[in-house]
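Enquirer: Residue strings, one per chain:
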Amino acid sequence: MGKLKDILSPFTAWGGVIKDPVTIKNPIGRPAAPRYRGFHKNEVDVCIGCGSCEAICENEAIDLVPVEGIKAKDGDSGLRPMVDYGRCCWCALCVDVCTTGSLTLSDEYTWVSENADEFRYIPGLDKKDWDKNENGWKKPEPNYEFYSLDRVKMPELHAQERGQSFIEFITGYSKQQAELEADRCVECGICTSACPAHMGIPEYIKAIRNNDLEEGLRILYETNPLPEICGRICTHKCESVCTMGHKGDPISIRWLKRYIADQNPSEKYKEILNAENLVDNGKKIAIIGAGPAGLSTAYYLKLMGYQCTIFEKLPEAGGMMRYGIPEYRLPYDQIDKDVNYILSLGVEIKYNVNIGTDITLEDLGKDFDAVFAGTGLHLGRSTRVPGSDNKNVYFATDLLREISLGQEVPLTEKIVVIGGGNVAMDITRSLARLQNIKYGKVDILATCLESEDIMPADREEVVEAREELAIVDPGWGPKEIETENEKIKGLHVVKCLSVFDENKAFNPKFDEENKKFFVADMIVESIGQGMDLSYLSDEFKENLRFSNRGRIEVDDYFQSGIDWLFVGGDIIQGSDVIHGIANGHKAAIGIDNFLMKK
Amino acid sequence: MSNLFNWNPDRSKYPLMKEDGSLDVDLSSQKFTKLWVGPNHPGVTGNMAVEITVSGDEIVHAKTHVGYLHRGFEKLIERRLFIQGFPTCIRMCVAEPDYNEYLLSKSIEDLSGIEIPEMAEWLRTLVLEMARLQSLLRTVPGQGGTFSLGLGVQWGMYLRDLILDRFEELTGGRIYHMYILPGGVRGLLPDGFKERLEENLQLIDEFIIKIKKLMFDNAVFKKRAIGVGVIKKEWVDQFGIVGPNARSVGISRDIRKDYSYLKYQELDFEPPTATDGDIFARSTVRYRELIQTVDLIRQIMAKMPEKGDIKSPTPNVLHWKIPKGETYTRSESSRGEYGMYYVTDGSDKPRRINLRGPSYNHAMTLLEHMLVNANISDVHAIMVSLQTCPPEIER
Numbered sequence: 000m001g002k003l004k005d006i007l008s009p010f011t012a013w014g015g016v017i018k019d020p021v022t023i024k025n026p027i028g029r030p031a032a033p034r035y036r037g038f039h040k041n042e043v044d045v046c047i048g049c050g051s052c053e054a055i056c057e058n059e060a061i062d063l064v065p066v067e068g069i070k071a072k073d074g075d076s077g078l079r080p081m082v083d084y085g086r087c088c089w090c091a092l093c094v095d096v097c098t099t100g101s102l103t104l105s106d107e108y109t110w111v112s113e114n115a116d117e118f119r120y121i122p123g124l125d126k127k128d129w130d131k132n133e134n135g136w137k138k139p140e141p142n143y144e145f146y147s148l149d150r151v152k153m154p155e156l157h158a159q160e161r162g163q164s165f166i167e168f169i170t171g172y173s174k175q176q177a178e179l180e181a182d183r184c185v186e187c188g189i190c191t192s193a194c195p196a197h198m199g200i201p202e203y204i205k206a207i208r209n210n211d212l213e214e215g216l217r218i219l220y221e222t223n224p225l226p227e228i229c230g231r232i233c234t235h236k237c238e239s240v241c242t243m244g245h246k247g248d249p250i251s252i253r254w255l256k257r258y259i260a261d262q263n264p265s266e267k268y269k270e271i272l273n274a275e276n277l278v279d280n281g282k283k284i285a286i287i288g289a290g291p292a293g294l295s296t297a298y299y300l301k302l303m304g305y306q307c308t309i310f311e312k313l314p315e316a317g318g319m320m321r322y323g324i325p326e327y328r329l330p331y332d333q334i335d336k337d338v339n340y341i342l343s344l345g346v347e348i349k350y351n352v353n354i355g356t357d358i359t360l361e362d363l364g365k366d367f368d369a370v371f372a373g374t375g376l377h378l379g380r381s382t383r384v385p386g387s388d389n390k391n392v393y394f395a396t397d398l399l400r401e402i403s404l405g406q407e408v409p410l411t412e413k414i415v416v417i418g419g420g421n422v423a424m425d426i427t428r429s430l431a432r433l434q435n436i437k438y439g440k441v442d443i444l445a446t447c448l449e450s451e452d453i454m455p456a457d458r459e460e461v462v463e464a465r466e467e468l469a470i471v472d473p474g475w476g477p478k479e480i481e482t483e484n485e486k487i488k489g490l491h492v493v494k495c496l497s498v499f500d501e502n503k504a505f506n507p508k509f510d511e512e513n514k515k516f517f518v519a520d521m522i523v524e525s526i527g528q529g530m531d532l533s534y535l536s537d538e539f540k541e542n543l544r545f546s547n548r549g550r551i552e553v554d555d556y557f558q559s560g561i562d563w564l565f566v567g568g569d570i571i572q573g574s575d576v577i578h579g580i581a582n583g584h585k586a587a588i589g590i591d592n593f594l595m596k597k
Numbered sequence: 000m001s002n003l004f005n006w007n008p009d010r011s012k013y014p015l016m017k018e019d020g021s022l023d024v025d026l027s028s029q030k031f032t033k034l035w036v037g038p039n040h041p042g043v044t045g046n047m048a049v050e051i052t053v054s055g056d057e058i059v060h061a062k063t064h065v066g067y068l069h070r071g072f073e074k075l076i077e078r079r080l081f082i083q084g085f086p087t088c089i090r091m092c093v094a095e096p097d098y099n100e101y102l103l104s105k106s107i108e109d110l111s112g113i114e115i116p117e118m119a120e121w122l123r124t125l126v127l128e129m130a131r132l133q134s135l136l137r138t139v140p141g142q143g144g145t146f147s148l149g150l151g152v153q154w155g156m157y158l159r160d161l162i163l164d165r166f167e168e169l170t171g172g173r174i175y176h177m178y179i180l181p182g183g184v185r186g187l188l189p190d191g192f193k194e195r196l197e198e199n200l201q202l203i204d205e206f207i208i209k210i211k212k213l214m215f216d217n218a219v220f221k222k223r224a225i226g227v228g229v230i231k232k233e234w235v236d237q238f239g240i241v242g243p244n245a246r247s248v249g250i251s252r253d254i255r256k257d258y259s260y261l262k263y264q265e266l267d268f269e270p271p272t273a274t275d276g277d278i279f280a281r282s283t284v285r286y287r288e289l290i291q292t293v294d295l296i297r298q299i300m301a302k303m304p305e306k307g308d309i310k311s312p313t314p315n316v317l318h319w320k321i322p323k324g325e326t327y328t329r330s331e332s333s334r335g336e337y338g339m340y341y342v343t344d345g346s347d348k349p350r351r352i353n354l355r356g357p358s359y360n361h362a363m364t365l366l367e368h369m370l371v372n373a374n375i376s377d378v379h380a381i382m383v384s385l386q387t388c389p390p391e392i393e394r
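So the protein sequences, as listed, match chains Z and B.
Counting in numbering that gives the first Met the number 0, the first sequence tops out at residue 597, every number present.
Counting in numbering that gives the first Met the number 0, the second sequence tops out at residue 394, every number present.
Just chain Z, same shape as in the assembly (with noise of 0.2 Å):
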């Protein structure tokens, strides 16, 4: 019987018959699932063209173009990627490491066109039906990275202990802890770009994946001669348009910076930077003020040949670096390491010298082949408010200034600080570190016109200077200082609803009928700083160009109207160090042109 049901059971297929075909159930043409991996969309607005959907690409598929028709934004390539699919693979990890998410995949999967050149094309520009396709592949969600969004926490005093001491707070990275954050750099080199001195930061933080610390070294003094300091108070400006802070955090650039500065010894340096044999071309340079323009432009020009001599009128050298930012931020010997390098070439440092009274700038165009001054920002400015002439009423830039050369610092319980930028900061928790020295306790205030968002101190410093138990409350203009007997009794503020008008000018509104008192016996303004150009006679004046905010008009070069005198720095930028880096290696360069010429 068995034999027989083999030969019948396969009749059993007939069955079938009655039927209909599965390929009239399932037509073809059905919209794909909605994580389909089709074609391209991109948001050109959202993307910032950094090329990791590039980099990623394992058939090279993608290419970074330079586009027309759209906005240029800060922290922006300005290319946009360009994908041809004679070589995709529809893999999607360009749309999974994409650091903006701004590129997904659509679930169109036909495309008919005679023409194969179509089919290279910049997904977003070139407008293709599938742009408005809301299915296709996105980036699984969530905790689904190809990098780390969280930046590595660096290591710091507890608040307690650091509000006792000017004591460094920041400890520095550990190796680990380098190599961890390290690793979260994509390098697009957008940061490049946005830093002043166009440093090499992806190839620096390479360098610190690849543990080599001396080619750090090498690539951080090729455009910055100052990396232990920069790499402790720099703006960083990178950081702002870091690629990973649109997820997440941007990479601790400046941190990086630091590891490799301090994990240099600085006897090695000479070794490391090649810069023992330096030539001498006989030409001599006087460069007024040792702060970071004057550093940086006789650095430079140091290795290019010159003989420099620095001209500073304080006993030490740094400028504001040193004079202006508190030790716990910068500590002395850290500036000392990267300026003692740079004398270790031969830079020659004359203290204790004022142009204009010690020697006139006239003899320092005659004695020497080119001058460059950057002599920076240390006045500082009033708000002007009734009672701010008061003796108890002090400029932030003086105080500080005194408290680095080590002199007694006027210094009370109740202190008020009126300023919201960085110098502000610092003079608020410089203070409240003497004050808890001297009584034990801190009871100071700041306040400032901005309100909390768009307050221009760095996040961090405010943040910190609350932990420090400093009180900072912004969102106040100062109306009057309150006086009795030439004491200072508080200060009187009124609500400031905007500080700038639809101009973008400078132009506070206030509330009026919304008041506040600050009790205080001591005040400190940091609104700002203003310059000392006393040192130029009405001669040179006349010869100089001046805009209109009073500043001193420059060539890209930083050369003045006088063709040997050069000026940059914070007169020239406005009050930031690694500006002042950036315009000493540009003006170093312009000296060497100018000089070459004549």
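Warning: the hint list may mix true and false statements.
[Stated by the list, open to error] Distance windows between CB atoms, simulated:
1) B:LYS306 <-> Z:GLU155: 34 to 42 Å
2) Z:ASN210 <-> B:LYS306: 38 to 46 Å
3) B:GLY345 <-> Z:SER546: 53 to 61 Å
4) Z:LYS246 <-> B:ASP204: 42 to 50 Å
5) Z:LYS246 <-> B:TRP35: 56 to 64 Å
6) Z:LYS267 <-> B:GLY345: 50 to 58 Å
7) B:LYS306 <-> Z:LYS267: 49 to 57 Å
8) B:TRP35 <-> Z:ASN210: 52 to 60 Å
9) B:GLY345 <-> Z:MET153: 26 to 34 Å
10) Z:LEU3 <-> B:HIS64: 43 to 51 Å
11) Z:LYS131 <-> B:SER259: 43 to 51 Å
It should be emphasised that the hints constitute simulated quantities derived from the structure, not laboratory data.
Built from N, CA and C at the ideal position, the CB exists for glycine as well.
With chain Z fixed as given, assemble chain B onto it according to the hints.
Expert: Showing chain B alone in chain Z's frame:
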């Protein structure tokens, strides 16, 4: 009729192979003819050719020729970043791409000391079993196809397509899933996935009954398959035979049991075996494996959690470096042990990868041996019964 199902003809009439392996065939004697089966032949399981020497309709010598499909994937992967390997490696075996993804990812995870989340382990197990299912839906009726029984192939292909629909839902791709990546997988199950997969499995349950009646209870199939292409038990170690081909001679070898990986330890199954070692035995083993795979998928869906992390953190994939080391990872594909030897040298690219595919042994050495004295009409049947996948021979 009594001889019908015990047909075992004497195929040793042409003992022409000399002791040194050369062949004493004089083509000018007009007793022998050389023929090429493939590479472009509908019955061949891919771009592979078998050069056969026949006397009448009996094969006296066979030589496998590969090289038509060589794309150098191992070398391509060795020149790419670790993450870039997984969209490339899948092409090493088109029929079951997921095993390639799994092995590559597992190797990278082993060498970098990454443990994947439990949810990802379950999803990987599910995807690997779904890959086995879609492969068997093609292979089991495909054996009938070699005997011109095309109907079962069409049924199987339709059902395989439904499984590919589920793959499309889960992974975003139908054939190249690119779902298992170093560190985990690329997505949770979509809403309603289990219900839709269960509907498909019910259709496969019906298919299992229908294909038995069509193929295994079929006098013609039995006549062509029983006693043909017999693997002897002693060949298993001699030729490195693995998977269903080894199980068809009673040797229960299964990586899922012997070197359990992913979540197979938590699943209840016993690899099916047979004893005869002929085409029919191998087909039966695969048929029972099809039934078992459906059951395994149901077990996985019942046991797996609903939610969970799908990926462990990895170093930045754009410059992921793995310390010096080497590893051999293995998994049980529908064709048997599928392994990958992976060497790293501390750089951001693998130093060497080598795929150990079962087809290399089965189609290169074993097939040449089995075809001697076989009938010319059985070449394709024997080749398909070994479940050869030429892309995996030529990486």
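Enquirer: CB of LEU3 of chain Z to CB of HIS64 of chain B, is that within 43 to 51 Å?
Expert: 44 Å, holds
Enquirer: Given a hinted range of 50 to 58 Å, is it respected by the beta-carbon distance of LYS267 of chain Z and GLY345 of chain B?
Expert: The hint (50 to 58 Å, Cβ to Cβ) is violated, given that LYS267 of chain Z and GLY345 of chain B are roughly 26 Å apart.
Enquirer: A range of 43 to 51 Å was offered for this pair. Does it hold for the Cβ distance of LYS131 of chain Z and SER259 of chain B?
Expert: 48 Å, holds
Enquirer: Between ASN210 of chain Z and LYS306 of chain B, does the beta-carbon spacing fit 38 to 46 Å?
Expert: Check passed, 40 Å falls within 38 to 46 Å.
Enquirer: Could you check the hint for me, namely that LYS246 of chain Z and TRP35 of chain B are 56 to 64 Å apart, CB to CB?
Expert: 58 Å, holds
Enquirer: Between GLY345 of chain B and MET153 of chain Z, does the C-beta distance stay in 26 to 34 Å?
Expert: 29 Å, holds
Enquirer: Regarding LYS306 of chain B and GLU155 of chain Z, is the given constraint of 34 to 42 Å on their beta-carbon distance met?
Expert: With Cβ atoms ~37 Å apart, the hint holds.
Enquirer: Against the range 49 to 57 Å, how does the distance between the Cβ atoms of LYS306 of chain B and LYS267 of chain Z compare: consistent or not?
Expert: 54 Å, holds
Enquirer: Are TRP35 of chain B and ASN210 of chain Z spaced within 52 to 60 Å by their CB atoms?
Expert: Since TRP35 of chain B and ASN210 of chain Z have Cβ atoms about 58 Å apart, the given range 52 to 60 Å holds.
Enquirer: In this structure, is the beta-carbon distance linking LYS246 of chain Z and ASP204 of chain B contained in 42 to 50 Å?
Expert: 46 Å, holds
Enquirer: Is 53 to 61 Å respected by the C-beta to C-beta distance linking GLY345 of chain B and SER546 of chain Z?
Expert: Since the Cβ atoms of GLY345 of chain B and SER546 of chain Z sit about 56 Å apart, the hinted range of 53 to 61 Å holds.
This entry does not satisfy hint 6, going by the numbered hints stated previously; all others are met.
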